[in-house]
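Peer 1: Under this note's numbering, read the sequence shown as residues 85 to 557, first letter to last.
Just the calculated beta-carbon pair ranges, DEER-fashion: (1) Thr399 x Leu182: 47 to 55 angstroms; (2) Gly488 x Ser201: 50 to 58 angstroms; (3) Arg141 x Arg450: 44 to 52 angstroms; (4) Val107 x Tyr335: 52 to 60 angstroms.
The set of hints was computed from the structure by calculation and includes no laboratory data. All figures in this text were calculated on a predicted structure; none of them were measured in a lab. The beta-carbon is built from N, C-alpha and C at its ideal position, and this holds for glycine as well.
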Amino acid sequence: MPVQHKPLHIQPKLSIAPHGIRVSRQESHIFDLFRLRTVHQVGGSFNHAFWAGDVLRAARVYPAVWHACLSFAALDHRAKKPTAPEVDKKTLYAFSLLQHNASIRHMVKIAQQTSPSYADQETFMLVSMLYTGLCCLQGDVAQAAEHARSSILLFYQWRFWEHRHQGRRDHILSPGALISLISLYESQIFGRIRDVPKPNWYLQGNPPAEPAEPYQSMSEAFVDIQPMLTAIFQAFPMVTLPGDIAKIEDYDGTIREYKSRLAVWSSKFKALLDTQPDNASTKHGAIQLQLMEVAVYVCLHLDRSLGEVSFDHFTGSYARINHLSRQLVDLEKESEAKQGIDGQGFSYSMSVAELLFGVGRTCRDRLIRREAVALLRQWPRRDGVWRPIVVAAMCAAVIDLEEGTWYEARSIAPDVCTCVHEKFICNNHRVGRLELKMSPPGQASVHFRSVSDVRHQREGLTKAVPMGEARAR
Numbered sequence: 085m086p087v088q089h090k091p092l093h094i095q096p097k098l099s100i101a102p103h104g105i106r107v108s109r110q111e112s113h114i115f116d117l118f119r120l121r122t123v124h125q126v127g128g129s130f131n132h133a134f135w136a137g138d139v140l141r142a143a144r145v146y147p148a149v150w151h152a153c154l155s156f157a158a159l160d161h162r163a164k165k166p167t168a169p170e171v172d173k174k175t176l177y178a179f180s181l182l183q184h185n186a187s188i189r190h191m192v193k194i195a196q197q198t199s200p201s202y203a204d205q206e207t208f209m210l211v212s213m214l215y216t217g218l219c220c221l222q223g224d225v226a227q228a229a230e231h232a233r234s235s236i237l238l239f240y241q242w243r244f245w246e247h248r249h250q251g252r253r254d255h256i257l258s259p260g261a262l263i264s265l266i267s268l269y270e271s272q273i274f275g276r277i278r279d280v281p282k283p284n285w286y287l288q289g290n291p292p293a294e295p296a297e298p299y300q301s302m303s304e305a306f307v308d309i310q311p312m313l314t315a316i317f318q319a320f321p322m323v324t325l326p327g328d329i330a331k332i333e334d335y336d337g338t339i340r341e342y343k344s345r346l347a348v349w350s351s352k353f354k355a356l357l358d359t360q361p362d363n364a365s366t367k368h369g370a371i372q373l374q375l376m377e378v379a380v381y382v383c384l385h386l387d388r389s390l391g392e393v394s395f396d397h398f399t400g401s402y403a404r405i406n407h408l409s410r411q412l413v414d415l416e417k418e419s420e421a422k423q424g425i426d427g428q429g430f431s432y433s434m435s436v437a438e439l440l441f442g443v444g445r446t447c448r449d450r451l452i453r454r455e456a457v458a459l460l461r462q463w464p465r466r467d468g469v470w471r472p473i474v475v476a477a478m479c480a481a482v483i484d485l486e487e488g489t490w491y492e493a494r495s496i497a498p499d500v501c502t503c504v505h506e507k508f509i510c511n512n513h514r515v516g517r518l519e520l521k522m523s524p525p526g527q528a529s530v531h532f533r534s535v536s537d538v539r540h541q542r543e544g545l546t547k548a549v550p551m552g553e554a555r556a557r
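Given the sequences, and given the hints that come with them, work out the whole structure.
Peer 2: Below you can see the structure in the form of structure tokens.
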């Protein structure tokens, strides 16, 4: 009797790349680095599911994303091992450049579409963000800012925020997470780079309902508050410009709407905290969200009729931002030490540097604002476009101008100066506007205008700011 054999089932090997792409051994190795290491480091406390889930799926479907992820992973690994042999670093750079060029070829095809599909749009948004990170890792901050600016312009052209609540079934990337990522970069370059649209989309649509249930995760709370923080920071000239200069249409009504939304968010966030265990796995995200909550609160409760004195009412809030940031510095250094990272890591996480910059720029307490600069210089990770040391340099320049250079050397006539040296900075001598101007790689300058300069349309002063990096090769 013949031997009966069970049917042989051969499981096809799951392809890790988009259809039609043959994967080399080196590409397979670098993609393993990306999916096993990079995605867990770049997402920060809130976007782990987006990077470890959505982005990996997109890399297996969209060729432009596949090549951009490989390029980013190679340079990110190179940056975190600055003491590696030079030949290894050159090999990684050559590989990254090859993958970047391949990604660009696919992006050009998308750009040529007169009516890009939703898949094309989400591909373009994500890859532009990856290009921003690539340029940062190479030390080309000017090009990084340009990629971020381009993606923001398309975000507005395509009205991409409308996808938040449409319940689309044809997306690979979470619309909410992708929008919060764009919002992060919007907050970092608006007000520093020319020709960036104002983030005016946040209040469009129906206001949120009264809180019924707490947030289910820190990530859910983050996706709600990040666009709110960006919109509030940039929609109002909250830094030093009084109401007689920066007139805002329906300011009171808009403030009421933001306060209502913050109240809903705070209630849901507090309920979430009450259910969370007090351990290291939740502490990091909780502190970051508390920082954002304090920053939004300060912005919404400034009394513009009081001029510079209004900021003095929030000295306690500024001190709390410093206190929470100091805890995060310790947590970050401990985390990077455990991971064996000996170079400055890169992240698409919430930028603590931006909040500390706000303290240094708006607080008039000499000790608190200097502590913010010191914390910026200690921050171990790069969250987005600007290195913390560069943000610290801009912040220190603001302090130097307000407390020294302008007070000692610049006339503000016909305005009146009421400064008291080393004790009080009058509103007319505060920095009212600043614009970062990129120079050759590693160089930049910041153009500062005081409140008085803005009022009387005068030119301000320009100070050089070292970018703290050179182009990587």
